[in-house]
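J.: In case you want the letters, here they are:
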Amino acid sequence: MGKSIRAAVIGRTIDALQAALYLAKIGTQVKFITDAPAFAFFESSGVDPRLFWSTVLNAIQDPNIEFVYNTSTVDICGEKGNFNIKTTQQLRYIDSDLCTGCKKCEENCSTRLTKTSDGKNVILNAVHKPYPGNKSVPSTMVIDKNGISPCRASCPLGINVQGFVSLLANNKVQEAYDLINGSAPLGGILGRLCKHPCESKCSRAKVDSAVSIRSLHRYAYDNVVSPAGKHLVAAGPASTSKIAIIGSGPAGLMAAWDLKRRGYDPTIFESHNVIGGMLATGIPRFRLSREIRERELGQLLDMGIKIRTGITVGPDIDFAYLKERDYKAFFLAIGASRNNKLGIEGEDLSGVIDCMSFLLLLNLTDDLFIGSNIVIIGDGNSAVDSARAAIRQNKGSVKIVSWTVPEELTASADEIQEAREEGVSIEYSSYPVEILGNKNKVTGVRFCRTKLTDELMRNGWHRPEPVEGTDFIIEADHVIVAIGQSADATQLNLEGLDIEKASGTIRVNPLTLATNLPGVFAGGDCMRGPNNVVEAMADGLKAAESIDRYLSDSDLEEGRQIASKKVAEVDLDSVWAFPVKRAEMPYLDMESRKNTYEETTTGFPAQTMVEEAQRCLSCALCSECMECIKVCKSNAIRHNDTVRHKDVEADVILKFPAEDMGVKEEGPAADKSGVYTISHGTDRSEGDVNVKLMAAVMQTILDSDLEFLDKLSTGRFGCDDQAEGSHDPIHYLEDHTLPESKQGIFLCRCNGENSSAIDFGRLSLGAQKLNIAHISEIEQACTEEGAQVIAQRWKEAGLDRAVVAACRCCNYDQICYSCNDRRILSSHYLRRNIPGQSSSDIEYVNIRELCAWAHGDDRQSATDKALKILEAAVLLPPSGHQKYERHPINPAALFIGESGTAKIAAMTLEVLGCKLFQVTQVPDSLEIGGQPGDYHVKLGFSDRNEVIKTGTIIIDASLKQADLDKLGYTYTGRLFQRLISGMVKDHAGSKLNLNKYASALNRAGLFINPPLTGREKGDESAQGVALAAAILLYLRSNWITARDSVAQVNTALCRGCRTCIERCPIIEMREGANGLLHSHLERFLCMGCGACASVCPTGAIYLSGQDKSRIGTALKSFLCPAEI
Amino acid sequence: MTAKILIFSCNWDGWSCIDSAANAGLSYPVSVNIIKLTCLSSLNAGFMLKAFEHGADGVMLLGCQNQQCRYGQFDNSIEIECDKAREIIKMLGVKGDRIMLARLAPFDGRGFIEQLNGFIHGIKNPAIPAGAQKADKP
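Going down the list, the sequences are from chains A and B. First residue of the first sequence? That's 1 in my numbering, and the numbers climb one at a time after it. First residue of the second sequence? That's 1 in my numbering, and the numbers climb one at a time after it.
Some hints could be false.
[Claimed, not checked] These stretches of chain B come out as covered by chain A in the derived footprint (C-beta under 8 Å, 3 or more residues):
no.: 1; segment: 7-13
no.: 2; segment: 31-45
no.: 3; segment: 90-103
no.: 4; segment: 116-123
[To be verified] Label pairs and their calculated CB-CB ranges:
no.: 5; chain 1: B; residue 1: I88; chain 2: A; residue 2: A36; range: 46 to 54 Å
no.: 6; chain 1: B; residue 1: G93; chain 2: A; residue 2: T1098; range: 30 to 38 Å
no.: 7; chain 1: A; residue 1: R1055; chain 2: B; residue 2: E79; range: 41 to 49 Å
no.: 8; chain 1: B; residue 1: K95; chain 2: A; residue 2: R832; range: 46 to 54 Å
no.: 9; chain 1: B; residue 1: L92; chain 2: A; residue 2: D97; range: 54 to 62 Å
In short, the hints are calculated from the structure, not lab data. C-beta: ideal position from N, C-alpha, C; glycine also.
Could you build all of it, start to finish, from the sequences and the hints given here?
T.: Listed below in structure tokens is the structure:
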């Protein structure tokens, strides 16, 4: 047996699919590469939806076709017989094998996107069906992503900003709180003090102004219901190594928190008596209330972090002392608390104070005296804080004196605004020259004016320089010097520590925060110089990671280079955004503000919060809030997938340009040998004539070289390889009398889709009265796992039969075009997991579409309906499907008649290795015996008689009626009549089509030529090739198999009235053993429509699955259900 | 009280309409029950009468449009059977419009709901006259 040909079909159209299906059915291994995420039907395609869906559904379950969705072809390398197709797959972030398309994730998704679909603006969730509002196969969901949002990318702590904002937009406060805590705690503090780099990068500014992210952050913390969370749980001991953290500011606390979560036992040494570092000593209470600070720091300490306050490492205890006590790692986070001096006359006068000392005094003392005329030198946040603190203490004049212009102040604009409102005045462009005093007591400050130079300072502003001769004096009885702080790491007395001389900061490796001393790390302001709380916290986390690696002997640097994910850019043209004003933070009224040290801002009200959060443009599309993960019962979501480049190998490539591309790629000329572009432009008004397509595909095969044809011809003709047949045969039990059958019911919850619309409790109670042996719920019946659960319970309960109430509608082995992939899979998995069962042992009933969806708004009704459906299914007699029966197809073709097309078809088949019989002379008598797939044709000529055994018979359409009449009123004769008349009437029968009208004709192996209708004369060669293709397709199926639900004639009851013959061409009269005529029904051709049974006056015809007792039982159950 | 309707639907175009209606979120009264058949040609008047016997107020037959049968059953046998059944229920004093044959294009969920609602509204007085209905509760 030769190796199968590997074909790649590239395209997304129905023609591409049909070609793939055709190739698969003649034994080719097909890779179907499509840039579409799934198949969906669109009216505009002009295709018959029935043809479309049956093609799709047949194709997806053909074992010879492998689908590669969402994939574009980048390049085709190699040559005929050995192609290597380079592809790029757009990720859907969902495991297609596991996703059942239940849409729970979509219901729980917090991100709404605007998208254009079919020219309309639609709002959809970040996770959605590939074609919203349209059935798609496979039914897998897809997540839209676009890198990571700028806000998230800019957060030093790596907080998923877009994630928590999207949660808040859905008023999911607790979820937002938990999501933030996954990255960092202390949200109440960050929500007030963070310098919010996220807002500076916010894309919303392009529409109006940035989203008020910091205030939203604060909202989540101020309004959360249960603040305890996973983030506050310390892990079990990972190590006994002791870790010393010097400083309890944001950096030290974060390191301690993270280490605690990693199972370490850190100890913090703090020189003050309060913890929090600058948070406690340098931030006035009206910006960060004591309650918030104590609550949030307290939560962390409650994790069991050890604190030693009032101990200054350096002067009080030294490192040698700590090392002796087994401290193995150190994190230096002592901050930058040394005040910068003005370096001018009078700085030591009484009444001159530095701002840190002032704020510390203010935070720790209740009745601090300050004079009535206060000058603050400096324009940073500490200066503004000091001014605002002073004005609360004193009703006199409080003036900030800045050396630069109003546009270039260091303090944040909103703080300056607040200070102004509270009565603080600001003097600009003034440079202190001398502090004046009288008897050691300050009286004023002499300034001179400044002008800006072109030199830029580190903060990006212009450096001002004093202008001579512009001196002036501002009177003051207190002067607060607030021109910044700097680090002073020398106080640690740590020998050998590498310290930057000029700034007093500690030198570290910026990736790991490791100092030059092993086991010693440093971060926060003592490493960076004065900075914001958020940077310090980020350092703490970084240090914890390093210490963890250091103590577990791992490489400090490996894998820590921040992965550069694409930062999302919003395409404003595709976003549907109207300008909406940024929400203003509400303040206390002015009177209460001036007289209190309490927080001046009150936080957003709920409504404002939601509206503000909804301003987010969702730059990264999916916000990765992870709400979908919580509801996905199949664990199908893969947020971390990365772009895949895959190589697909193939011997031959068929490309189908998309029809809607407008420009048709012209012919195979541009392609290399072995790559065929097929754009045959099927005229859709013709219905679905696929003769042309089949001819094109076949021609492609013929165009290939001989080695290739060899492979094809040594392929699967004949039946010797059927043991390993690709189609999994269904096993039917012969004897189906089960008088004492133990029956069970399995209810599919459909991940909540069914169980929320239907009262499963009442359903179970009701169903138990039906004398069943077992009833239980399963999460999803259409997964392998679901099938395994059913199989397990089936075995435990010793069941013989069961009703599976899910979304599948029947237990037939057929594919209806209204079916879908999940229904197909559910029976596939069950068959695989419950071996040896007859297909009629499981009754499938659809409670999803028929109950949960049709009556979803009325739980009572939906439950009533489901109960009726269940009752009917339980009471139904077994469908009594037929025993699985098949016989081989004789791989030969008999041509009767003489025409050009027949010659071409015969030649083609010969090349493909098919056995041929050609009878050019019309015989005098013609009798077709045997059975479908193995006909014994008796040909009578004047001089001889011949018997030919063949699987297929092809006659010329030009044969005279008299010749056909020789076949008589047998089924073959009548099928040929149908074929010929079909050509004239132009209805479905004549069309060589893979799927549509699964009529007896397709199974009979009878063909006429030419295969095209009269209208399409001309291309004799194409018609011949197409005919060969159709014959090959039939022969390659190798076996003819009877369907599971077919009609049977009880010859004892048949009185030979011929009524049924009028309804169906596959019935003929035969003489029985008793010499009487009775109906004979060719079961291999029966499609099970039941038309014969309904007209049989004696009830001699029985249609399994649909006999009178089953319909009658269903009728009764529906119309007069037992009182259950 | 909504009329009790029994629908015999063919497995192909008929069922695709019902399935599409559910997929489009269209609802119909809960008193409507559906029995799926392979093809309407497998139905004879007897089953329609059986439905009335068991208390149906109306019987709807849902199938494909002319010349669209998947099995090639292109004769109008179902119409003949419908007429037969109508004649018989008329004899019992029930109007023939209690039996409706709806032939719809595939996947026409909306059309199905419209036809069904029209049918239900047309049944003015759901109660079948006494005597025509046999008590047959199990």
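J.: Work down the list of hints and note, for each, if the structure agrees.
T.: A quick look at each hint next to the structure:
no. : hint                        : verdict
1   : 7-13                        : holds (count 3)
2   : 31-45                       : holds (count 11)
3   : 90-103                      : violated (count 0)
4   : 116-123                     : violated (count 0)
5   : I88/B / A36/A: 46 to 54 Å   : holds, 53 Å
6   : G93/B / T1098/A: 30 to 38 Å : holds, 31 Å
7   : R1055/A / E79/B: 41 to 49 Å : violated, 26 Å
8   : K95/B / R832/A: 46 to 54 Å  : holds, 52 Å
9   : L92/B / D97/A: 54 to 62 Å   : holds, 56 Å
In this structure, the hints that do not hold are numbers 3, 4 and 7, in rising order.
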